[in-house]
Every structure is written in structure tokens, then in C-alpha cells.
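Just need the whole structure built from these sequences, with the hints factored in.
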Amino acid sequence: MDVQFFVTWLEEVASVVQTQRDHLTQLDAAIGDADHGANLDRGFTAVRQALADTPPDTPGAALVLAGSTLIRRVGGASGPLYGTAFRQMGKTLGDAPEVSLAELSTALDAALAGVQKLGAAVEGDKTMVDALAPAVRALAGAVQDGAKPADAIAAAAEAAAEGARATIPLQARKGRASYLGSRSAGHEDPGAASTALILGALRTAGSR
Amino acid sequence: MDVQFFVTWLEEVASVVQTQRDHLTQLDAAIGDADHGANLDRGFTAVRQALADTPPDTPGAALVLAGSTLIRRVGGASGPLYGTAFRQMGKTLGDAPEVSLAELSTALDAALAGVQKLGAAVEGDKTMVDALAPAVRALAGAVQDGAKPADAIAAAAEAAAEGARATIPLQARKGRASYLGSRSAGHEDPGAASTALILGALRTAGSR
Amino acid sequence: MKKLINNVDSVVTDALTGLAAAHPALRVDVENKIVFRAAGPRPGKVGLVSGGGSGHEPLHGGFVGYGMLDAACPGEVFTSPVPDQMIEATKGVDGGAGVLHIVKNYTGDVLNFEMAAELCGDEGVEVVSVLVNDDVAVRDSLYTAGRRGTGATLFVEKIAGALAETGAPLGEVARVAREVNERSRSFGVALSACTVPAAGKPTFELGESEIELGIGIHGEPGRTRAAHGPARELVRVAMDAIHEDLPLSGEVLVLVNGMGGTPLLELYIAFAEVAAYLREKGASPARVLVGNYVTSLDMQGFSVTTCALTEELTRLWDAPVETPALRWGR
Amino acid sequence: MKKLINNVDSVVTDALTGLAAAHPALRVDVENKIVFRAAGPRPGKVGLVSGGGSGHEPLHGGFVGYGMLDAACPGEVFTSPVPDQMIEATKGVDGGAGVLHIVKNYTGDVLNFEMAAELCGDEGVEVVSVLVNDDVAVRDSLYTAGRRGTGATLFVEKIAGALAETGAPLGEVARVAREVNERSRSFGVALSACTVPAAGKPTFELGESEIELGIGIHGEPGRTRAAHGPARELVRVAMDAIHEDLPLSGEVLVLVNGMGGTPLLELYIAFAEVAAYLREKGASPARVLVGNYVTSLDMQGFSVTTCALTEELTRLWDAPVETPALRWGR
Ligand SMILES: Nc1ncnc2c1ncn2[C@@H]1O[C@H](COP(=O)(O)OP(=O)(O)O)[C@@H](O)[C@H]1O
Ligand SMILES: Nc1ncnc2c1ncn2[C@@H]1O[C@H](COP(=O)(O)OP(=O)(O)O)[C@@H](O)[C@H]1O
Ligand SMILES: [Mg+2]
Ligand SMILES: [Mg+2]
Ligand SMILES: [Mg+2]
Ligand SMILES: [Mg+2]
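Residue numbers (this note's numbering), protein chains in the order written: chain A, 1 to 208; chain B, 1 to 208; chain C, 1 to 330; chain D, 1 to 330.
In case anyone wonders, no lab produced these hints; they're calculated from the structure. Keep in mind it's a predicted model, so treat the numbers as computed, not measured. All residues carry an ideal CB built from backbone N, CA and C; glycine is no exception. Accuracy of the hints is not assured; some may be wrong.
Short, incomplete list of chain C residues facing chain B, as computed with Cβ under 7 Å [stated by the list, open to error]:
{"hint": "1", "residue": "Val138"}
{"hint": "2", "residue": "Asp140"}
{"hint": "3", "residue": "Val196"}
{"hint": "4", "residue": "Thr203"}
{"hint": "5", "residue": "Leu206"}
Derived lysine to aspartate or glutamate pairs resembling DMTMM-like cross-links, with alpha carbons at most 20 Å apart [stated by the list, open to error]:
{"hint": "6", "chain 1": "D", "residue 1": "Lys2", "chain 2": "C", "residue 2": "Asp84"}
{"hint": "7", "chain 1": "A", "residue 1": "Lys117", "chain 2": "D", "residue 2": "Glu118"}
{"hint": "8", "chain 1": "A", "residue 1": "Lys91", "chain 2": "A", "residue 2": "Asp57"}
{"hint": "9", "chain 1": "D", "residue 1": "Lys281", "chain 2": "D", "residue 2": "Asp240"}
{"hint": "10", "chain 1": "D", "residue 1": "Lys2", "chain 2": "C", "residue 2": "Glu205"}
In C-alpha cells:
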């Protein structure tokens, strides 16, 4: 996977987030403050612009640029968290012009670690971690099993989607939704839902 | 008609205004500020109390007491206007223990004059004058024709009700409704409606 | 109707109880519904009394204090107070130099204040009344009760109050009050109706994309219903109406006033447009208030009031004031 | 959704344009969304920076000025600002004595301010952060993100701002800010939801006789839904929650805060009940604010915040302040 793959991925994320903006906001309205869709749309629109303004040379540079842009433009909880996730991925990939599936897996693991270090959420807290962690595991497993890239990525995307759905019955222990106590149960976590969209876009990028 | 007749009338007004409070307020909501029912209910409840606290000796005293109480308790446009109307009636009747139909007619004429002096409204301005003026005319006509008291009072009440209904198509030129310009047309004037209730109560008082 | 009240009939007295408890600088006669300065009248100072229906808070009770009113008479919600209140207030603030009645031009307010002034005169207190009628939405003609008094009331109370504080005589204080009124114009826009507690439901219904132009401060519908538009357009309608009536130029005192239910965030958006409009006409917003000052219960919407400043008016506007809702310089 | 805005995406910058035009004592960097004092930093004075999502006006931009904040960073509506804003603000107010960050306890605000503080430290500006978390509706446990910062933010900004104005060192200013927070408690009640412009519809639906207890300031539902009741009962629920957490006694600083859509008339009714409750507990409302200060867009409802006063805190509260939304003593 070269820089073009990652740029395509990020552009795909920008477009899917735009399409799903209202959906994400409505998820956030139910148990948060109704801004998650607007936040990510603002952020990834800026990412798309940044990629166009200063085209990156390497996968790592593309991801660090995306992460930094998110931190600088999103705000809220998701800005620093997603920003850190992309920056950690990028930093892990370093200057390499090409990225193997195994390297992608390691990078995604670093993203998860970054999110958890910053936000201190564990699986089951009803956050983006609930979508990201299973995706990381699925990708690592697929690499281990020697799966083809497309299949491995599909497995990660599937796991993220499944993880997001699984947040529905949970009671939140992190972020705004935690203020609702038991009333947070019965709603999908908006951040987990957006993580599933982001990883789903990886699949689309791979198939281009 | 003795003091008891007038006390009965005022009590009947208090009870009918209470029943029609919401109706009057809704009429006022359409072209005014939604307080006419509450205003008159507060006022006539106070009148009833005042009559009980210091029972008047004469018709004139009852009416002056009612008028002063309205001025002291109602506020708004209708407080001074109705207050003046009742005070003028009372003053016109003086100390007489008994009031003839002709005297009542003169008193009601004085009420109208008082209202018009204070508020400067003429017939057709879409105010209480549009109910009061025809009632005054009807009563005077009935007296002239030598009608029986009950019939004369019925005619006045009828004329007031008719006058109130006739305000519906008019455009207001006085009071709050005038601010609406042509939009005031199509609604009954709340003050004309309450005047019709007040004169309608005269009929009930007469039949007791 | 969901309101933060105990009882429809005790709304005004309950609020006055709270006002009294919150502001030790006020003396509130809850039973008779009069808000005084706790310090009482100052000998030789003209007293300023205003009043009107409740539901416009902070007007008028929130403007009682040094540099502004000496007393306020709140009536029931949207109902002008009664003469007894005004008489009691007038006598209570008379420091021997006479009393100014600041009356918004509504039939009820005018009639009740007239009765009160007459009776005060009989009792030897000199009273002069000033009528506020700044609302350009209403044509002053034989076909109306005349222009309504709205946002300019605040300007009149502040500026006349400042002059009274200097010991100026009643005639002078009345003169400046009238001058402020003559130099002021207002126009209001509603995005929603309001709900009078005693009525229990909104005074009118507006569709999702409808607004009312040319509203007053009593929940009544405006002059016309129109399609909702961007703040820029709504402000332009208001400013055009004002500018047509009294061309805007020079230094202007501006109030962008919320009707009670509109967030400050939005009022500042409106003010940005007002400022741009003024610049376009070669005028400048030399003194500015943005906030909920002359409200209409929970109505969503705004009004703009302008006053063409003179050196004297600017100086009096800048003079110290210390009331619950307006305070600077001390 | 009917709002007085030009455009869903320009709400915050349009409002900042208006804020800048209305208040010459502020310097507003509209593009970077930072509100500064026009006078700039005073050498040797600790700088105070706060910020958070927009939609809570006048918090925080309306509290920039003498005796309170040196700069505010408004984010998008209900979205915490980004580190860039905070870094720029922090550097812009540093007078060499370091900068205090006043951070409401929300994950987003905390994370973004943390990143900013770290980067400022790297650039040689000393930063100390103080977390505000006064809302007793949220239990501070492993199962939540901790208590929310609400009304006490105003108290912290005012009192720490007053101390900073005396030239006190950063450690002292941070100490008093933390003390105010520790002595403060809040509880909020919603009668209606609010509508985030970008969402276009209310964040939740309430029936004609339902309310939400234990709400924050971001339009989120509260801890429980309950039946609507008289103001007296709603205030009692709020005060009981506060009193249970930190028993009320002695002299108390009280804020009865409107959520944006509740008329002042009703807030005074609520304050009357708060005052009665305090007296019942042997406490007294020694200092009082009633009004819309820490709002949630157009939400109807109120919150109560109390702070147990000390002599020092009272003195600092009474010290002069000159900001768009809070002003006395000058
Ligand atoms: N401590 C945390 N760790 C991981 N993810 C979190 C944490 N707090 C919140 N989130 C995620 O952030 C999402 C909310 O993002 P967003 O709505 O953009 O920000 P905010 O909550 O500040 O309004 C939540 O749905 C959740 O997935
Ligand atoms: N100038 C006037 N002359 C006669 N009647 C008037 C005048 N102005 C108003 N009214 C009457 O008063 C009624 C309104 O009374 P009310 O609602 O109690 O007072 P307000 O208009 O002050 O709220 C109107 O419907 C009208 O009949
Ligand atoms: Mg959110
Ligand atoms: Mg009325
Ligand atoms: Mg009225
Ligand atoms: Mg947010």
C-alpha cells in the first residue's frame, strides 16, 4: 500500500463522513450533544484540503498530516482522539514509501494504544475503542493467518462494524454519554459508529 | 330597582365573567395581549368582595363602589374604562334608594359618555363602545315606548350582544387591536364581548 | 404550557419576592407591587417612576437604582398597573422636586397613569408625564392608538435618570426624556409567540418557516406575517423601517434586544448585521447594548432600537448607573 | 428550527463579529476565534484563559475584561475549542507571570486544553490548569467521565480574575480557583430541550408535563425524567441534591441561572424559593446573581449554583469587574 492508497482512504473517509454527517449527529443527539457529525465533517473536509494543499510523499506523512489537521480543526473529544490515532499510525509507519499488511496492522495497534493512553477508555466503556479494538485484533489475526490484503481489511472493517453495533446495549463509562447513567443503554455510540465508517472506508480504498 | 337589584347584577356579572374568563382571554389573545378575561375576573371578584365587606345602601353607592374597585384592581385599558362607566352610572343615580327604568337609562348614557370621554373611541372603532352605545340607544327607545322593565332590559342586552357580534368584521382604530391594522378584522372585540356579558347579566338580575 | 412558576395567579408577587431577596439595594413592597430604591428619596432630586405590565423583565423593576428609576410599578402580566400603585410610588419617591412619570404609550398605561397623576396633583405632588412611543411598526394616525412604547423606554429611563441625579429640575428632566424619545425608533421581529401564564397557550401560532414582522412586546401578532430568512435579511427589514422613519446618521445608541427566548449568541449575530447596516448609512454604533432588556415573556425574536445621540445624551448615557440589570461606573 | 442566524456553519464567527463590534474593550480575533482584552496583557499579571463550546453565552467571551478573563476561546456550538486557539490565546495573554487555564470538566475540553498546555510549556509559557466540576447530578466515579463543569465556572473566573488583578502569583491564583470550585455545587433542570443549529431539531423530546432533572449545559438529557411541578418543588429537588452533597450553611454565593429560554420573571420566582430554602437550612444568600449566564442555547430551564463563601472569597467577589456580561465597581 503506497501513499496513494492512504490518500484515497482519507478522501473516502471524508466523503463517507459527509454523507453520514446527520446520522452521526443524531446518534450523538440521543446520548451526547449533537455535534459528532458536524465535528468529523469539519475535520475530514479540512484533511482533504490539507492533502490537496501539501500532497504527502509517504503513507506516514499522509497519516500524520491527517492526524494533525484533525487535532487542529475538530475540537471536542473526538478531535484529539482521532487526531492522535492517525498521528500514531503515521509515526509508526515512518518514512516507508510502501506499507505491508503487517505494518498496517502494527500501525493500527499504535492508533489504539494512542487513543487509550489519551482517553483511558477500555473495551466495554461504550466509546470508539469498542470498534477500534476488535478491528485491530481482526487485522492482526488475518495477518497471522496469511490472509490476502483485501480479505484482511474486510475482516477489520467487519469487526469494527460489529463492535459498533455491540455498543448499543452498553452503559457508557466514558465521554458525555456516561452522564446519562443507565439511560445511555439502548443507543449506538457515535464515536464507535464513526470508527466503523472510517475502517469501512479502508475496504473501499483497497478496492480502487 | 333597589340596591339589591344592583348588587345581584354585579354578583351575576362576577359569576358570568368567571365562567367566561378563558373565552374573553382567548378573544384578547387573537388581537390583543391575552389578559382581558383575567383582568375582569380579578376585578369583579374584588367587586363581589367589596360589596360583601361594605354592603352599600343605595344603587348609586353600589355602582360607585364597583367602579372604584375596578379602577383599583383591574389595570389595563378596561380597568379605567369600566371603572369610569360604573362610577358615572352610580354618580348619576345619586342617593336615590329606588331607580326607575328611565333613570337607569340616563345612568347608562352617562356610563357611555364617561367611557368615550376617557378613551375617545367612537362607534365603529371596534371597542366596548360598539356594544355599549347600541344598548344605551335600545334602552332609551324602550323607555320612550313605555316598555316593561324586563323587556326594556332584554332589548338593551340584545343590542349589546348584537353590537359585539358586529365588531367582528371591523378594523380596530383604538386599543391594542389597532396595532394589527387590517389583521384585526375577523375577530370579535374582547371588550365589546365583555360589555355584552355585563348587560346580559342585567337581564338575569331582573329575572331574580 | 410549562413554566417555572408556582401558580398562575401568584406569578408577579412570587417574582417580586425573589427580586427583593436578591437585591438588598431595593425595597420591594410585594403586596402593593412597588419596587423602590432602599435608600428612599433624596431631597431635592426629581423622582422617576415608571411601570407597566409584567412580562418585560428586567424592565422596569430591574432598572430601579442609582442613576435610573426611583420606583417601578409592575402590573399583572401584560396588564398595566393600577393608579393606586402609581400614587403610592409617586408619593414614596417625592423628594420635594416633583416626580416624572415615564409611560409607555398603551391605552391602559396612559389611562391609569393619567388617573394617578391627577390624584397626585390633588395631593400636592407635582407630576409631569412623558410618553414613550418609539415603535415604527405602528403608524401614528387616527386609525391606531398611536405608536407603542418599547425599547426606547430603557434609553429614556437611563438618560433622564442620569440627569435627575445631577439635581436638575423636573422641567429639564422631562425635556431630556422627551428628547430621547423623539430621537429613538424601534422595530421588532418574532420567531415565535409567547405564552401568557393565565392564557396557558401561545398567543398565536407560527409555522416552521413563518415569522411576524413589526411586533410589540405583548405577544400580539405583528403587522405582517412573512417567510423566515437569514438574520441579515430580518435585520435589514427592521433597520429599513427605522431608517425610513428617521434617517440614521452620526453617532447612534443601539439596543439589540432579545424578546426573552432568543439566546445571546443569536443576538450578537443580529448586532453584527445592525453594525454593518449603520456603517453602510454612514452612521456608527457609538454606544451599544445587546441582550434581553425589554422582553415579552418567552418569545423568540428581537427588536432593534436606535437613538440619535447628541453630546449631552452621550454624557448622560455614560454616567454611572447601579441597578440590577444595568450597571456601570460604580 | 427557526433561528436568528445567517448560516448554520457561520454561527460562531458571525456572533464573534457582533461581539467585536459591540465591545470596543475587547479585541476579537474572529478568524482564530479568540476573544482578548483590547488592552493586551499587563506585565507581571497572571493571565486567565478559558474556553469551551459555544452556545453557553455570555460564558466565556462575555467574561473577558478587567477583573475576570484575559482571553476566551469559543469552539463550535457545544464543541470544545482546539489546541491552536488555546495556544494562541495563552501566548497572547502571557505577561510573564504565567497563565491559568480554567477548564470545565468535559473529555473534549480536558484533552484539548491538555494538548495546548503541553505545547505552551514547550514554548516556555508556564501554564497551570484548574478543572471545574461542580455538577452534583453526576456521580464522580469509575462509571462516568466525572462531574461536569457548569455554573461554578463563572465563580471561578470572577474570583480568580480578581486575585490575578492584584498581582498575585500563578500558584495563588490557581489555589483560589480550586478553592472556589471545591466550595461550589450545581444542579440543573430542563423544561425543554434545545436545538443545536447543525442538528436542526431538539436534542430530545419532552411531553407537556415532563421535565428533565440533572441536566448539563449541552442539551443532553438529564439523569431522570420527572413530572413537571411548581417552581417550589423543582427548586427543592435541586437544592436537596446540592445540600446532600455539601451541606449549606453560613454565607452563600448563589447563582440562579437561566438556560437561555426562560424569562427573568421566572428565574426570580425560582430565586425566591432558593432563598427560602437557604433560610430553612440556616444559610443566607449573601451574594446573588439571577439571570442567563451559563446557558444552553434556547433551552428552557434553570440551574442553581452555590458557593460557600469565606471572607477572602467575598472580598474577591466584590472586587471591581468590567466585562460585557458582569460589571460592577467601575
Ligand atoms: N475517553 C474516551 N475515550 C475514547 N473515546 C471517547 C472518550 N470520550 C469520548 N469518546 C468518543 O468520542 C465520541 C464523541 O465525540 P464528539 O461528539 O465529537 O465529541 P464531544 O463528546 O466532545 O461532543 C463518543 O461517542 C466516544 O466514542
Ligand atoms: N380607547 C378605548 N376606548 C374604549 N374601549 C377601549 C379603548 N381601548 C381599548 N378598549 C377596550 O378594552 C379592551 C381590552 O381590555 P383589556 O384587554 O383588559 O386591556 P389591555 O388592552 O390593556 O390589555 C378592548 O377589547 C376594547 O374593547
Ligand atoms: Mg458530541
Ligand atoms: Mg388585553
Ligand atoms: Mg393588557
Ligand atoms: Mg461536543
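Here is what the structure says about each hint:
1. Val138: With a minimum Cβ separation of about 5 Å from chain B (threshold 7 Å), the hint on valine 138 of chain C holds.
2. Asp140: It is violated, given that the least Cβ distance between aspartate 140 of chain C and chain B is near 11 Å, above 7 Å.
3. Val196: For valine 196 of chain C, the interface hint holds, since the closest Cβ of chain B sits about 4 Å away, which is under 7 Å.
4. Thr203: For threonine 203 of chain C, the interface hint holds, since the closest Cβ of chain B sits about 5 Å away, which is under 7 Å.
5. Leu206: 14 Å, violated
6. D:Lys2 <-> C:Asp84: Given that 20 Å is the threshold and the Cα spacing comes to 42 Å, the pair is violated.
7. A:Lys117 <-> D:Glu118: Satisfied, since the Cα-Cα distance of roughly 15 Å is no more than 20 Å.
8. A:Lys91 <-> A:Asp57: Holds: lysine 91 of chain A and aspartate 57 of chain A sit about 14 Å apart, inside 20 Å.
9. D:Lys281 <-> D:Asp240: 11 Å, holds
10. D:Lys2 <-> C:Glu205: 13 Å, holds
In the structure shown, a violation is registered for the earlier hints numbered 2, 5 and 6, in ascending order.
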